[in-house]
Each structure stands twice: as structure tokens, then as C-alpha cells.
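**Q** Chain residues, written in single-letter form:
Number of protein chains: 2
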Amino acid sequence: MRRFFVDITDLNQDKVTLPPDESKHAAKVLRMKCGDQMEIVNGKGVLFTGEIIDDAPKSVIVQKLDYIQESPDEHHIHIAIAPTKNNDRYEWFLEKATELGIHEITPILCKNAERKRIKPERFQKILVSAIKQSKRLFLPKLNALTKVEDFISQHPSGLIAHCYEEEDRNTTIAKSLSTNSSQFTKANTPILIGPEGDFTLNEIEKALKNQYQAVTLGKTRLRTETAGVYACMAVKQYFEEQ
Amino acid sequence: MRRFFVDITDLNQDKVTLPPDESKHAAKVLRMKCGDQMEIVNGKGVLFTGEIIDDAPKSVIVQKLDYIQESPDEHHIHIAIAPTKNNDRYEWFLEKATELGIHEITPILCKNAERKRIKPERFQKILVSAIKQSKRLFLPKLNALTKVEDFISQHPSGLIAHCYEEEDRNTTIAKSLSTNSSQFTKANTPILIGPEGDFTLNEIEKALKNQYQAVTLGKTRLRTETAGVYACMAVKQYFEEQ
Numbered sequence: 030m031r032r033f034f035v036d037i038t039d040l041n042q043d044k045v046t047l048p049p050d051e052s053k054h055a056a057k058v059l060r061m062k063c064g065d066q067m068e069i070v071n072g073k074g075v076l077f078t079g080e081i082i083d084d085a086p087k088s089v090i091v092q093k094l095d096y097i098q099e100s101p102d103e104h105h106i107h108i109a110i111a112p113t114k115n116n117d118r119y120e121w122f123l124e125k126a127t128e129l130g131i132h133e134i135t136p137i138l139c140k141n142a143e144r145k146r147i148k149p150e151r152f153q154k155i156l157v158s159a160i161k162q163s164k165r166l167f168l169p170k171l172n173a174l175t176k177v178e179d180f181i182s183q184h185p186s187g188l189i190a191h192c193y194e195e196e197d198r199n200t201t202i203a204k205s206l207s208t209n210s211s212q213f214t215k216a217n218t219p220i221l222i223g224p225e226g227d228f229t230l231n232e233i234e235k236a237l238k239n240q241y242q243a244v245t246l247g248k249t250r251l252r253t254e255t256a257g258v259y260a261c262m263a264v265k266q267y268f269e270e271q
Numbered sequence: 030m031r032r033f034f035v036d037i038t039d040l041n042q043d044k045v046t047l048p049p050d051e052s053k054h055a056a057k058v059l060r061m062k063c064g065d066q067m068e069i070v071n072g073k074g075v076l077f078t079g080e081i082i083d084d085a086p087k088s089v090i091v092q093k094l095d096y097i098q099e100s101p102d103e104h105h106i107h108i109a110i111a112p113t114k115n116n117d118r119y120e121w122f123l124e125k126a127t128e129l130g131i132h133e134i135t136p137i138l139c140k141n142a143e144r145k146r147i148k149p150e151r152f153q154k155i156l157v158s159a160i161k162q163s164k165r166l167f168l169p170k171l172n173a174l175t176k177v178e179d180f181i182s183q184h185p186s187g188l189i190a191h192c193y194e195e196e197d198r199n200t201t202i203a204k205s206l207s208t209n210s211s212q213f214t215k216a217n218t219p220i221l222i223g224p225e226g227d228f229t230l231n232e233i234e235k236a237l238k239n240q241y242q243a244v245t246l247g248k249t250r251l252r253t254e255t256a257g258v259y260a261c262m263a264v265k266q267y268f269e270e271q
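Residue numbers (the working numbering), protein chains in the order written: chain A, 30 to 271; chain B, 30 to 271.
Source of the hints: derived by calculation from the structure; they are not laboratory data. Some clues are possibly wrong.
It does not matter which identical chain is used: a pair holds within one copy or between any two.
[To be verified] Keeping only pairs whose Cα atoms sit at most 30 Å apart, straight-line, the calculated DSS-like set for lysine-lysine is:
no., residue 1, residue 2
1, Lys-140, Lys-164
2, Lys-93, Lys-248
3, Lys-154, Lys-248
4, Lys-148, Lys-87
5, Lys-235, Lys-161
6, Lys-53, Lys-154
7, Lys-140, Lys-73
8, Lys-140, Lys-248
9, Lys-215, Lys-248
10, Lys-238, Lys-248
11, Lys-154, Lys-114
12, Lys-53, Lys-114
13, Lys-215, Lys-154
14, Lys-248, Lys-161
15, Lys-161, Lys-62
16, Lys-154, Lys-164
17, Lys-44, Lys-235
18, Lys-73, Lys-62
19, Lys-145, Lys-164
20, Lys-248, Lys-164
21, Lys-53, Lys-73
22, Lys-57, Lys-87
23, Lys-170, Lys-145
24, Lys-148, Lys-114
25, Lys-204, Lys-248
26, Lys-93, Lys-62
27, Lys-140, Lys-161
If we strip away everything but chain A, and leave its shape as in the complex, we get:
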């Protein structure tokens, strides 16, 4: 059954009017009619099943039949990652990270930034589309573009992945989370992924002074967006095995 996204907060409301873009998609693209059933997610853990009772293209109305509410995951995957020069690549990261179960994303602004401006509305659409496709019920939270120094101050403690050979980064994500399990809790461990030109030594030093631990993402050199997906996967695997 097709899945649509509507920001429904009142779970008991009887009817739902689809927003313009979803209405148009249902009525004009998919040619859905009165009587057709659909699923609606609100991005907050709820999955509604409903039936179309008005198929007007600009405002399709759905009669709610039933709903289920899912509990959020106990763990929380938060990746703070520098926007890439090429937007496609960052959008790929957003989609893949969502499929893999990310909970929170913060685009970070670093000294070696390749891109200093982003389009949050576009990124939000990617996330919504990704939860529909991957059957997730919780929409990842997308934060505003944040200077990396400010992020570090706001999030005392986390992990930072960088590529400097000389700096000590023998630990993998799994080992770091496991060795410091009281400090790095399920809910509280963002991972910093830098731009193609890497973090500066100052940025790394600031992180380390703020209880961040440096980690390695393996022996091969990864693009920013690949590093983001790899980190997401490593954290997911770690918490799923707890």
C-alpha cells in the first residue's frame, strides 16, 4: 500500500486532508480514487491506514480507519557531517543514513568547508521520501547548519573521525563506544565527519578537549558522504548487538 506523509499531531482526528504535494501525487500521478486505501505516516512513530473519501486533486481527504503507534528506538544515532561540494552526494548520504536508521543529522560548517550554504527544505524532502520508502515511522531530525566549534560546545562528548596519520586514532567506533560505555551512552554520542579537506588540527584539538574521542573508519580513504554512511552503519550495528 502506498505511503504518504502528513504531519498529524491529533491521533484521534477522524479525517485527514493531504497537503497539496501529497494530494497531487495521490490524485494526479497515482490516479487514486474514492474508496482506495492508503497508509499515512506522521514521522513521529504513527502509521495510519485510511480510505479516500474525496479525491479532489488539490485536497484529497482520507477517512481514518486505524492506526498503530511504534515506540522510538532506545538508541540515538546522530551524525554531524560537513556538506559536500556536490549536493547529490550529501542527498545520497541523507537517504542512505535514513534507510539505515539515523535519528539526527547536523550539517556542520568547518574551516575547510566546500559548501557553506545548504537548502534545508530540499534535504527535508529527501528525508521524508526516504522514510516512506524504507517503511520507517520516525523522521530523522535535521538541524540547522552549525559551526563545528559551536556544535562541540553544545554537545560535550562524542566521536570525531579524521584522516591525520600522526594523530592517534587507533580506535574504531565500536571499540570506543564499548570502552567508554558510561560516557558514550546510547542517547548521547554524536559522530563528527569532516569535509573532503578534513578537520583542521585546531578543530580536532577543540573536540578532544571536550571529551571527544578520535576514531578511525577503517584502512581505506572514504569520501565525506561514504564516511557518514559508514559511521551510521557502525553505530547501528553496535547498538543493535547490545
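Model the placement of chain B on the given structure of chain A, informed by the hints.
**A** Structure of chain B alone, referenced to chain A:
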């Protein structure tokens, strides 16, 4: 330093003539001149350093200065994965898998195939470009499109990831490799990733009869190309920690 790809087999040859596309890129796009240095990889573990002695756009000639030869990895990551309807997605997989260290890729043709024809030359270019960018010295091997039943016959033993709830697939890739380490050696464990419509029960049955083990890729539903990258990461992590 810029990296170029030339299929050099004679390591002792003194001069290298770049093929037309690489020549053009060096001479016209990057405007490199006589005296400029460059790196050349042959995809077989060798990294040459050389200096341009003839910068004619159609046939740049490079004087070899030095070379290093790397040993291949001890482990071998082989993903057999169904081509996706959207080529961009499959090309993302090829690029990401290469960054992550994949050694061999076989596009497989399944009953629920969304795409039955592929462009191997285009895929090959993606792989070459990916090894240059990720500083890898070995070019992953790209096999011809192969029917999944034939692949299973040619590769007795491996892992198969599928989405059927009823079928037993409690094991993760790491657990499967670890529990059956005599059967699933570092060099001998391809992983089958199916199309969006999944493998058919017949295809899974054939695999299981041929000593394949069914694995799960986690709790969330992944697109084909995401599953391919995830499997690649999981195998890489497993072997890097041995």
C-alpha cells in the same frame, strides 16, 4: 599529485604513453606541461611516479621516475548484486563499494530483475575513477552479468541476504562468517544481494541447497544498492578485525 590510470604490465618500461582519454584530461583539462609530475596506477597494485616529457594532447608521454608495488589484501570481498532499475543507484554502489575496498562485483540476473541489460564499459569507468579518488591500487574485478542460478553453481558456498520474514535469517554477516570460518574463508565468500522485488523462494532454496547461508542486514529495510554497500562494510569490518 594527480593520479592517472594506465594498464601497464611491464613494470620496467621506461616511458608510458597515456591512453587518449587520460592524455586529453592531462593536457587539455588540467593543462599539464612537460616537467609536471604525476602518479599512474595500473589497477594491479602498482603506483608509478613519472614526469611528462611530451605533452601532446592525444598522446602524453610520461618518463617513469619510480614505482612501488603493494601486496593484495589477504581477504576478498565479492558482492553479487542485481542491477537496479535506476543506473545512478548502481553506479553509486560501485563507487562506494570501491572506496570501501571491494575486490569483485558480479551483476546478477534474477527472476524479479528490474534491469536485464547493463553497460559494462560505463561501470568499468566508474571503478577506475573510484580507485583514483580513493587512492586504491587494485581495481575491483567486474564480471559479466550472470544468471543467479549459474552464479550459485559456479560459487558453491556463500551468503544470501533476503527479506522474507518466514524464512530463517537470524544470522548477521559477521556471525555467519565467524561461526563457519572453515567454510567461509577470507577468499571464498560471495554475498548475494537481490533486486528490489527480492529473490524468489526458488532462488533462495537453490542457494541454501548449495551451502549458502541466509543472512539479515539489520532491522531496517534497505534498497538494493544500500544493501550492497552495507554488506561490503560488514565483510570489510569483519576481516579487518581478524
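**Q** Now tell me if each hint is right for this structure.
**A** Here is what the structure says about each hint:
1. Lys-140 / Lys-164: Between copies, since 24 Å is at most 30 Å while 37 Å is not.
2. Lys-93 / Lys-248: This pair counts as between: shortest inter-copy Cα distance 28 Å, intra-copy 51 Å.
3. Lys-154 / Lys-248: between (34 Å within a copy, 23 Å between copies)
4. Lys-148 / Lys-87: Within one copy, since 26 Å is at most 30 Å while 41 Å is not.
5. Lys-235 / Lys-161: Classified as neither; 38 Å inside a copy, 32 Å across copies.
6. Lys-53 / Lys-154: Answer is within; shortest intra-copy Cα gap is 16 Å, inter-copy 40 Å.
7. Lys-140 / Lys-73: Cα proximity of Lys-140 and Lys-73: none, with 35 Å in one copy and 37 Å across.
8. Lys-140 / Lys-248: Only inside one copy: Lys-140 and Lys-248 sit 25 Å apart there, 37 Å across copies, limit 30 Å.
9. Lys-215 / Lys-248: both (26 Å within a copy, 17 Å between copies)
10. Lys-238 / Lys-248: within (26 Å within a copy, 36 Å between copies)
11. Lys-154 / Lys-114: both (19 Å within a copy, 22 Å between copies)
12. Lys-53 / Lys-114: between (32 Å within a copy, 25 Å between copies)
13. Lys-215 / Lys-154: For Lys-215 and Lys-154, only the intra-copy Cα distance (27 Å) is at most 30 Å; the inter-copy one is 41 Å.
14. Lys-248 / Lys-161: Between copies only: 16 Å across chains, 34 Å inside a chain, cut-off 30 Å.
15. Lys-161 / Lys-62: within (21 Å within a copy, 52 Å between copies)
16. Lys-154 / Lys-164: within (15 Å within a copy, 34 Å between copies)
17. Lys-44 / Lys-235: This pair counts as neither: shortest intra-copy Cα distance 51 Å, inter-copy 48 Å.
18. Lys-73 / Lys-62: within (27 Å within a copy, 58 Å between copies)
19. Lys-145 / Lys-164: between (32 Å within a copy, 27 Å between copies)
20. Lys-248 / Lys-164: Cα proximity of Lys-248 and Lys-164: across copies only (11 Å, versus 33 Å in one copy).
21. Lys-53 / Lys-73: within (23 Å within a copy, 53 Å between copies)
22. Lys-57 / Lys-87: within (9 Å within a copy, 52 Å between copies)
23. Lys-170 / Lys-145: Classified as within; 20 Å inside a copy, 38 Å across copies.
24. Lys-148 / Lys-114: both (13 Å within a copy, 28 Å between copies)
25. Lys-204 / Lys-248: Both. Shortest intra-copy (15 Å) and inter-copy (22 Å) distances satisfy the 30 Å Cα cut-off.
26. Lys-93 / Lys-62: Cα proximity of Lys-93 and Lys-62: one copy only (15 Å, versus 69 Å across).
27. Lys-140 / Lys-161: Between copies only: 26 Å across chains, 35 Å inside a chain, cut-off 30 Å.
Comparing the model with each numbered hint stated earlier shows that hints 5, 7, 17 do not hold.
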